[in-house]
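This is what each chain is made of:
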Amino acid sequence: MIHSLFLINASGDIFLEKHWKSVVSRSVCDYFFEAQERATEPENVPPVIPTPHHYLISVLRHRIYFVAVIQSEVPPLFVIEFLHRVVDTFQDYFGVCTEAAIKDNVVVVYELLEEMLDNGFPLATESNILKELIKPPTILRTMVNTITGSTNVGEQLPTGQLSVVPWRRTGVKYTNNEAYFDVVEEIDAIIDKSGSTITAEIQGVIDACVKLTGMPDLTLSFMNPRLLDDVSFHPCVRFKRWEAERILSFIPPDGNFRLLSYHVSSQNLVAIPVYIKHNITFREGSSQGRFDLTLGPKQTMGKAVESVLVSSQLPRGVLNANLNPTQGTYTFDPVTKAGRTPAEVGSRSAGSDAPPARLAHTAREVERLKVNRLDMYGEKYKPFKGIKYMTKAGKFQRDDLVCITGVSTLTYETVTLEPSSIITFTSAGPN
Amino acid sequence: MSANSAFNDEKGGSSSVGEPEYGHDPASGGIFSSDYKRHDDLKEMLDSNKDSLKLEAMKRIVAMIARGKNTSDLFPAVVKNVACKNIEVKKLVYVYLVRYAEEQQDLALLSISTFQRGLKDPNQLIRASALRVLSSIRVTIIVPIMMLAIKEAASDMSPYVRKTAAHAIPKLYSLDPEQKDQLIEVIEKLLADKTTLVAGSVVMAFEEVCPERIDLIHKNYRKLCNLLIDVEEWGQVVIINMLTRYARTQFLNPNMNESLLEEGSDKTFYGSDEDEEEEEEEEEEKDKKAEAPAMAKRKPYVMDPDHRLLLRNTKPLLQSRNAAVVMAVAQLYFHLAPKAEVGVIAKALVRLLRSHSEVQYVVLQNVATMSIKRRGMFEPYLKSFYIRSTDPTQIKVLKLEVLTNLANETNISTILREFQTYIKSMDKDFVAATIQAIGRCATNIGEVRDTCLNGLVQLLSNRDELVVAESVVVIKKLLQMQPEKHSDIIKHMAKLTDNIQVPMARASILWLIGEYCEHVPKIAPDVLRKMAKSFTNEEDIVKLQIINLAAKLYLTNSKQTKLLTQYVLNLAKYDQNYDIRDRARFIRQLIVPTEKSGALSKYAKKLFLALKPAPVLESPFKDRDHFQLGSLSHLLNAKAGGYQELPDWPEAAPDPSVRNVEVKDSVPEWTKCSSREKRKEKKVEKPFYSDSEGESGPTESADSESDSASSSESGSGIEESGSGSESEESEEGSESEEEEEEEKEKDKKKKKKELKKPVQESESEQSSEEERKHERKSKQRKSESESESDEEEESESESSQSESEDSESEAEVKKKKKAAESKPSSKPVKKDNKKEKKEMSLLDLDDFEPAPSPQATPVNAFLSNSLATDLEGLSLSDAVLSPATISPSSALKSYEMLHRITGEGLSVEYCFSRQPFSPDANMVAVQMQFTNNATSDTKNLHMEDVKLQSGMRVKEFPEIELLPAGEMVTAVMGIDFCDSTQAANFQLCTHTRKFFVSIQPPVGELMRPIFLTENEFKKEQGQLMGMNEITEKLTLDVKCRNEHSIVQRVTTAANLSRVPCGSDKECRFAGRTVTSSSLVLVTVATKEEGAAKLTINCEKMVIGTMLVKDILLALTQ
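Listed in order, the protein sequences are those of chains L and Y.
When we follow the working numbering, the leftmost residue of the first sequence carries the number 9, and every step to the right adds one.
When we follow the working numbering, the leftmost residue of the second sequence carries the number 252, and every step to the right adds one.
Treat the hints with care, since some could be wrong.
Unchecked claim - Some chain L residues judged to face chain Y by a derived CB distance under 8 Å, without partners named:
id: 1; residue: Glu49
id: 2; residue: Thr59
id: 3; residue: His92
id: 4; residue: Pro174
id: 5; residue: Cys244
Bear in mind the hints are in silico, worked out from the structure with no lab data behind them.
Keep in mind that this is a model prediction, so the values were computed, not measured.
Think of the CB as a built atom: it goes at the ideal place given N, C-alpha and C, for glycine as much as any other residue.
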């Protein structure tokens, strides 16, 4: 299946290669570089590139291209999903998944890749199994290893691979037994010029951090499970129980994991807690224009909207902007004309993945998912349980702002948006 | 870390072979910093006896490999460390070895013995990892070693090792395709594996090695469906894709209701309802014939239950977190489900659109294809495909594609409004795609054609030239459909020639004007005039169109344009581009009448002004669904290497009974059942429900165990083995427990299981009753071998009852009972075999005289324990068995080969008679009993198409010419199992039908008893030590603590004879395997309070380990 893997950084260097079958020359990546040159943006490189003898399937994460070399038919999603799993694992191990982190831990990376694939077919992809095989590097352990010469490779054998619950390692012990669940909902919305919502949908996840001793068996029930009509589960969740009783019953993995994610589609009514208005004018005869953006909470909302962040991409032609926010702070990120190399993309915006207009807030008036109770079976102790609810803005954007997208980015940030306050900020610059 | 420092030193990363590796870092590589010779420091480190140095060196080497540097010259130094104690060093050496072994084949061989040793390690994980590395070494010389290792690992006890074996199969195949046949055997074996761990890997191997051998899947189909949900996610993807192909070959198209041909359909229809009673079938057939003309047209489609099973079991996987799994299920539904059910996948696919952009890209490609075929499916999710400015261009274009496919009369206005926004985008490619999309909407939906056209015309005044150009091209295509109405648009466009500079757009306008010059008679010559003026500065495609325009105008309006045309043609004559010069010359000859002009010029008008067909604006995703969705080939719209075509639905469904595994496991549902069966079912319904709902599988079996245990004194061998197999089954059941629970709720499917369960239940009920009787009696009884003749009679009838098991109806049992009672033949007498067979005597015993044919030596299944023992006691002629040591031969457990419902009235049971098979001593005698429950006679019963593992042989039973309705016949066949528990598969043929059946021996039947003295036993045992000895501690069952019952149980589990022994704390048994005559020695040493030690000495380790399991089970329950 997966023949080889190449890691390519933003400037087009292959900095790691791994082969699972016979060696494929790295010149195969030339086809990839060709495609990369053709693409205007780094993310526009097609994920699947056919070459005369191989197929290249790539994903772009953290400004690193993970290019898998395939020789014959295989479902492309299979490879893509696996590559993302690799990235997640690296992130899990090293905290970040950057070129530097990978280079620093090249041996661990190699050992991980060796365990994750056997002859190109995924073998152990559960992070718990991998952590039993290869211990994640920590500063302390690195020091100890240098002094004592001991290793990162687990001495004991990965029994988890053999168990019926491969996601949980055996013999877990904690002095404080805790289980935390974060119910996070994100609203994706597109709003048209007049301010009315074209589409809005909710993307929810329940992220869990479970630190419990032994083999606990948890059940989680909801007050309003009918909201969950489109769900995807962590493999630990028992499907049948959910189908029959709408109760989540599972033996949790150890540590952090995503228990489920759900999707409330655009058919349901989703109210947006803020309104946003804008106006663009161009002065005749001059190269200057004016861009007003007004943002305020909707009157119906009782609660305050916190941590509002607006970021807006301005056209490439904008050289400079004078910003006058009525509240909060702002930053403007100019990018040089030559600035299309991926290395400089980093300075593009404050958050590396910030969409053009982005809002964050913490309140929502529509009914939200509520957890009813959490029970534990199988173990004797009483765990500490905690549940937190959060609503965030997902991909939230004004439809007509697309006409002014570009490279430079305007970021505006404020702590709280009180029900009565309105912020506007104005920018001027050549268009 | 010096690995990192070495890395940083050479950040330039040029991969030259000769580049030296320096240990610059003073902290770690200090001692070597003076060493400038290439890799010498590393060699030294590897040669040192400090693990930490070795580790350091290996880390640096691996870092070099990671950067693609050549470190092959270190091979000898590295390979030495393959047996290093340090686990990390070892692992890194493996990494190195696998990378370079192909280049350094000879040296790589040095490491092989280490792995061979690892293959024998008691720890399963070490065995697995040894196999993994061994099979990854791409050295052709070791192919036979790999083959051997894979074969061995495939029958390993540990599922993890078996999984590794499955992984190794494609590795070996790619190394040496010659091994295919042998590998297929291994695959076949592993496919039968029941653990989820193995399933995904072996199907992957199957797909790589022999995807065309779809026949290997039949027997495992249902198991795979049921296991699917518990298989790890990557395996799920592979299995689902494979099953999609399988289903396409085996089932009928659920969406084809009436296209079946009459002849084929008749068969098919019945074929899928094999479960129907034969009589009913006949009745219905008559009905059918009466209504034949009517029915032929509208044949109700009945989905094969197996087809339904697949759809039902994959559905929950739509909720997987793994996008690949969701996609796999989606494509399965798209290709296999009835139209009405395909809709369920839409929601899941839309959910994936929130994932990474690469995932979106693939999903959208597939949605685009699906949305052409099944537009309604995605219509509710229209808004989810709205485009965000942050999407990468390729995603935007794909979303546009989907939106266009989804457009219809009702939603077109919203879609067009969206499109209007998109046109303002900065992304030029995207804008161009949007305009094309508008064009396609306009062609597809007649009502909005004018609106679209107007919108596009408005775009012609856009500031952006690209937008205008693209619009022109699209408008041109639209106008071609109905040019008459739109002369004003053409006029408008004619004006644009002054402004638009994009060549393609200019060319399009000129073409339009030329084509429809009759609609714009005044403007056209003027345009030509302007163009003639700028001719020399135009692009080539524009020039060609100018010439075209000139020619067309000349033909229609020569008065006004003659001179202009001449001028243009003259200009073109001296153009730099030879295409243009050629065109000019050609056109001049064609249109300008000269004396020399040929016959063609007459047709010039026809040539130029012929009616051109309007272009069809089609989706690039049209008809892409002939590729399996979700595949690489589909994505690329080209066949990728190794792509397996998705076959078309068959015209008529192939025989569904091929998927029947062991018949007792998979009795298909029936639509109607006779009153008799109903009654029986009702009777047992209650216990069945309370049992399986209240308790889990294991407890259930535990109950029946205690039942059987209570009767341990009597010859309850049947029960033991019976309950044993039951508990096995229920364990199996608990794997798919949830599955079953669900099924219970679903009425329709319930019957299938119900049939199975009640049968078991009734079995145990029936037999437990007997056992109570047995128990009472056994108190009086001293030992089996001394039992009195009157008791014989009873036990005969009892055992006959218990033997008859489930499938026999009560009435039949009674009949037999009567038969048994009516023939109180307490003496073993030689009888005329042929006569007796018909009357079903219980005492057909002819094995004392040398039998001329296998048929002459049938051993009756209804032979009771005590009787058999008596008879054996009498057989003084038999040299092997001596009366003193003879084991109390247990009653024979019979197995079902063909259930009467599957067999359409014919039921077959078989048992291992434990008699020597006279035609061939290396064969195990299998006695089969055929019962014809149908109303009609069965003829020409014989076997065909025997499929065996290599080395196995079968001596077929002679054909049974006639089996009258309601009669029973026995026959004996011999099978040489080659000392393995592989099943022998063959077809059982009657004059009308063929059934796939299989015979699988328990390991205990693969041996024959031999007589040894105590000394001989000890001597032999002494030679079979070490690897050949397996010892297991156990606690004996409460009911099994005396010597007698131990002997009883062991001999029931295995065909062994007792060895006399001085100590009463020890029981010894001896036997030889049938094929290879390897000794099998069993010792059970008892201690206080039921503790015991079981020792088995056997050359054949596999046999030994399996036997340990069986005997252990027999003794502890």
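We went through each hint and held it up to the structure:
1. Hint status for L:Glu49: holds, given a least beta-carbon distance of 7 Å to chain Y, under 8 Å.
2. Against a cut-off of 8 Å between C-beta atoms, the interface hint on L:Thr59 is violated, since the closest Cβ of chain Y lies about 11 Å away.
3. Proximity of L:His92 to chain Y holds as hinted, the smallest CB-CB distance being about 6 Å (cut-off 8 Å).
4. With its C-beta approaching chain Y no nearer than about 7 Å, L:Pro174 sits inside the 8 Å limit, and its interface hint holds.
5. For L:Cys244, the interface hint is violated, the least distance from its beta-carbon to any beta-carbon of chain Y being 10 Å, above 8 Å.
Checked against the numbered hints given earlier, the structure breaks hints 2 and 5 and satisfies all the rest.
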